[in-house]
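Listed below, chain by chain, are the residues.
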Amino acid sequence: MKTAEGLKDIIKPENLVYRKSSLITDKPFSYCPGCGHGTTHRIIAEVIEEENLAENTIGVCPVGCSVLMYDFLDLDIQQAAHGRAPAVATAIKRLMPEKFVFTYQGDGDLAAIGTSETIHACNRGENILIVFINNGIYGMTGGQMAPTTLEGMKSSTSPYGRDVKMMGNPLKMTELVAMLPGTCYVTRQSVHTPAAVRKAKKAIKKAVGYQKKGMGTCFIEIVSNCPSGWKMTPVESNKWMEENMFAYYKPGDLKVPAESDADAENKNEQ
Amino acid sequence: MAKVKGSIVVDIEKCKGCELCVVTCPTKTIALAAEVNGKGYHYAYPANPELCIGCTNCATVCPDGVITVYRMKI
Ligand SMILES: Cc1ncc(C[n+]2csc(CCOP(=O)(O)OP(=O)(O)O)c2C)c(N)n1
Ligand code: SF4
Ligand code: SF4
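These protein sequence lines are chains A and B, in that order.
Letter 138 of the first sequence, counting from 1, is numbered 138 in the working numbering, and no numbers are missing.
Letter 27 of the second sequence, counting from 1, is numbered 27 in the working numbering, and no numbers are missing.
Quick caveat, the hints were computed from the structure, so don't treat them as lab data.
It is possible that part of the hints are untrue.
[Claimed, not checked] 30 Å max Cα-Cα, derived DSBU-like pairs, lysine-lysine: (1) A:K27 to B:K3; (2) B:K73 to A:K199; (3) A:K27 to A:K255; (4) A:K199 to A:K12; (5) A:K20 to B:K28; (6) B:K39 to A:K255; (7) A:K239 to B:K39; (8) A:K202 to B:K39; (9) A:K202 to A:K99; (10) A:K231 to B:K28; (11) B:K28 to A:K12; (12) A:K12 to B:K39; (13) A:K231 to A:K165; (14) A:K202 to B:K73; (15) A:K8 to B:K3; (16) A:K205 to A:K255; (17) A:K20 to B:K39.
Note that the structure is a prediction, hence the values are computed from the model and not measured.
Next up, chain A with everything else stripped away, as it sits in the complex:
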């Protein structure tokens, strides 16, 4: 009894150390239990809230499980046709350069039907942030093989595992866009442990800073899970992701602006 009363004393506003961002609406996320889409939404909302950008952000959401992102984030969000988010974001940012503009796209959206839009937006160095959720599968439509599906990985359209001779190799979009001169910050993160979530959040924060300085395209891949498509429990899916996805999609920075570049842009602004 004593402990129960003691614990009630702890639950007071002055002792609050974590609550979800106020930019998340009351609508329950439509995602499956344990899906990384939810965690990624949460940290995007946290960064935008902490940076005081709620009134000055425009997001572009894709076709895929996150097609309803506008229902979950209390921000201005435009839904784009499948794969076209970087093209739509290009127009938005060019017309409203003062806004913080980001796209949010799955691997079916970004690495299959939208490959062209992605590469050309990055090559033009559009001053936008692209958040790329790579779960190696088409989640929304029932777990079909994506360009990112790993060799040997089973999906509903590769039931014996991906045969690279017949189906091609898993596509490393992040390595591809890192080679383009238009990108300024390219990094691969994940959101499956507290440390990973904190790092991914820092990456988003950095991208906000680079976009303010007009340094070019920021590209953040989040290697994520799809417990439903992978037919695993959420805990199993995160373990499988660590053991298999990370071996091919290696977490870490692929391209960071040199400090001097960031400073030079700063001076130009002043």
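Starting from the known structure of chain A, arrange chain B with the ligands on it as the hints suggest.
Just chain B with the ligands now, kept in the frame of chain A:
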């Protein structure tokens, strides 16, 4: 030495019972309830509330943002 005590509040109706908080909690404070919520999920709850240190790990990995964390020095 100052000790810290924590406490979590779970939005039971929004919890989907994914168990990611359970495996990330360093003090084994959290478990899934035997009962289910309105959506039929075995929701997370502080089974051993006195063990919580308010580290925020559970809330940080929760995909649905259902956990609020409090912490104080005692
Ligand atoms: C033009 C067009 N082609 C195909 C589809 C069907 N479709 C809907 S979602 C999707 C793929 C989604 O996969 P991904 O981008 O990986 O996102 P996830 O659902 O895994 O988050 C496809 C092919 C569509 N809606 N529109
Ligand atoms: S189908 Fe996969 S990607 Fe889509 S919400 Fe469910 S777990 Fe997440
Ligand atoms: S705040 Fe830390 S100690 Fe408390 S329940 Fe959450 S993970 Fe466990």
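Hint check results:
A C-alpha spacing of about 37 Å is found between K27 (chain A) and K3 (chain B), which places the hinted pair above 30 Å, so the restraint is violated. Note on K73 (chain B) and K199 (chain A): the hinted pairing holds, with a Cα-Cα distance of about 27 Å set against a maximum of 30 Å. For the hint linking K27 (chain A) to K255 (chain A), the alpha-carbon distance of about 36 Å lies beyond 30 Å, and the restraint is violated. Of the supplied pair hints, the one linking K199 (chain A) and K12 (chain A) holds, its CA atoms being roughly 29 Å apart against a limit of 30 Å.
With a C-alpha separation of about 22 Å, the suggested pairing of K20 (chain A) with K28 (chain B) holds against the 30 Å cut-off. Simply put, K39 (chain B) and K255 (chain A) have alpha-carbon atoms about 43 Å apart, too far for the 30 Å limit, and the pair is violated. The suggested pairing of K239 (chain A) with K39 (chain B) holds, with an alpha-carbon distance near 26 Å, which does not exceed 30 Å. Restraint check for K202 (chain A) and K39 (chain B): not satisfied, since their Cα atoms lie roughly 34 Å apart, outside the 30 Å limit.
Taken as a hint, the K202 (chain A) and K99 (chain A) pair is honoured in the structure, with Cα atoms around 20 Å apart against an allowance of 30 Å. The suggested pairing of K231 (chain A) with K28 (chain B) holds, with an alpha-carbon distance near 27 Å, which does not exceed 30 Å. Taken as a hint, the K28 (chain B) and K12 (chain A) pair is honoured in the structure, with Cα atoms around 23 Å apart against an allowance of 30 Å. A distance of roughly 29 Å separates the Cα atoms of K12 (chain A) and K39 (chain B); the hinted pair therefore holds under the 30 Å criterion.
For the proposed pair K231 (chain A) and K165 (chain A), the alpha carbon gap of about 25 Å is at most 30 Å, so the pair holds. Restraint check for K202 (chain A) and K73 (chain B): satisfied, since their Cα atoms lie roughly 27 Å apart, inside the 30 Å limit. The suggested pairing of K8 (chain A) with K3 (chain B) holds, with an alpha-carbon distance near 17 Å, which does not exceed 30 Å. A hinted pair counts as satisfied when its Cα atoms are at most 30 Å apart, and K205 (chain A) with K255 (chain A) qualifies at roughly 16 Å.
Restraint check for K20 (chain A) and K39 (chain B): satisfied, since their Cα atoms lie roughly 21 Å apart, inside the 30 Å limit.
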